[in-house]
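Each chain, letter by letter, is given below.
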Amino acid sequence: MAMTSIQVLITIAVIAIATQLTRALPFILFPENKKTPGYILYLGKVLPYAVMGMLVVYCLRNVSLISSPFGIPEAVAVLCVAALHIRKNNTLLSISVGTAVYMLLVQVVFK
Amino acid sequence: MRKHWYAIKAAFPYTIPVMAGYLFLGMVFGIMLVSKGFHPLWAVLMSVFIYAGSMQFLSVNLLTSAFNPLSAFLITLVVNARHLFYGISMLKKFNGTGARKPYLIIGLTDETYSILCSTDAPEGVDSVSFMFFITLLNQVYWVSASLAGSLIGSVLAFDASGIDFAMTALFVTIFINQWRTQREHLPAVTGIVVPALCLLIFGPDKFIIPSMVLIVLVLTVFRKTIERRA
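Quick note, the sequences are listed as chains A and B, same order. Residue -4 in the numbering used here sits at position 9 of the first sequence, with consecutive numbering throughout. Residue 89 in the numbering used here sits at position 104 of the second sequence, with consecutive numbering throughout.
Don't read these hints as lab results, they were simulated from the structure. Heads up, the beta-carbon is just placed ideally off N, CA and C, and yes, glycines get one too.
Within a straight-line C-alpha distance of at most 25 Å, the following computed BS3-like cross-link-like pairs (lysine-lysine) qualify:
1. 86/B with 32/A
2. 209/B with 32/A
3. 78/B with 209/B
4. 21/A with 77/B
5. 21/A with 86/B
6. 21/A with 78/B
7. 77/B with -12/B
8. 77/B with 22/A
9. 209/B with 77/B
10. -6/B with 75/A
11. 32/A with 22/A
12. 22/A with 86/B
13. 21/A with 32/A
14. -12/B with 86/B
15. 78/B with 22/A
16. 22/A with 209/B
17. 78/B with -12/B
18. 78/B with -6/B
19. 32/A with 77/B
20. 32/A with 78/B
21. -6/B with 86/B
The following label-pair restraints were derived from C-beta to C-beta distances:
22. 77/A with 54/B: 41 to 49 Å
23. 186/B with 80/A: 30 to 38 Å
24. 209/B with 76/A: 28 to 36 Å
25. 162/B with -9/A: 43 to 51 Å
26. 34/B with 76/A: 35 to 43 Å
27. 91/A with 170/B: 26 to 34 Å
28. 50/A with 145/B: 18 to 26 Å
29. 39/B with 21/A: 28 to 36 Å
30. 29/B with 73/A: 38 to 46 Å
31. 8/A with 187/B: 19 to 27 Å
32. 125/B with -4/A: 19 to 27 Å
Just chain A, same shape as in the assembly:
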């Protein structure tokens, strides 16, 4: 440990406060007892649909397409999840099969 315990504590506190600030800010800016602008309500309604795609990209952000294994395990597993989910529409099934396929690919096939 390079820092003293007090410094560690301060750093953790600062990170915690900044994190919770990003979570709380919308609720502080648009409190319940005041009318939220229509534009913000509109964003609140459509953002979830845009965020889910962003989260998928975010999860896959460190996958390299130009070095081995070229994102193949991720591509195969995502397609598996999608195909299964479109056909069977069973969230737990899609996730467990997709994850098992992915683990098999990274642990055995592309080791």
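Given chain A, work out where chain B should sit, using these hints.
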């Protein structure tokens, strides 16, 4: 009491994919932190009060470099800026949740958000309790896993690498569910195309903020079209 039990039973199935991901990532976090010479209690403290996966991994770096609270503060704001979107889309749903509202806000991780924004409580289950227990269960998984990881250190019994893909898979299934229920696909398409382009241009560490700005821009420009078709 019985009411709570119903809500927990209703909430639990939705948290199973998150449990798989959190147990693994939480353990990895705990292992990482103690490997840098920190006491396991630090891991618990961080998972309780920071409770943000990618930020906690980054914190391990910050805690092992020189003491600089200001830069830690700014880095955290940038890394977690995506939370702003979650708050904005939960303004309505968290309205009137009373005493449990602060915790719903504090516990709003990527994964909890993805469940809460796409799921309504089953019939007969109190929706505030339902949201509260989804949030709480997820954090329980995360905190216990960080503690377990920090206690067992680097002695992992089996190779679990790749299990964190459960998280990606969860987001893919929710994406498809949302696609089914929406007639207007422009927001969903924007959410894939814009971040993908930004990732190519700005790289994995810097693409989220430009993505967020552009997504809001596109949704603002096409507001009339989207509202008409939705």
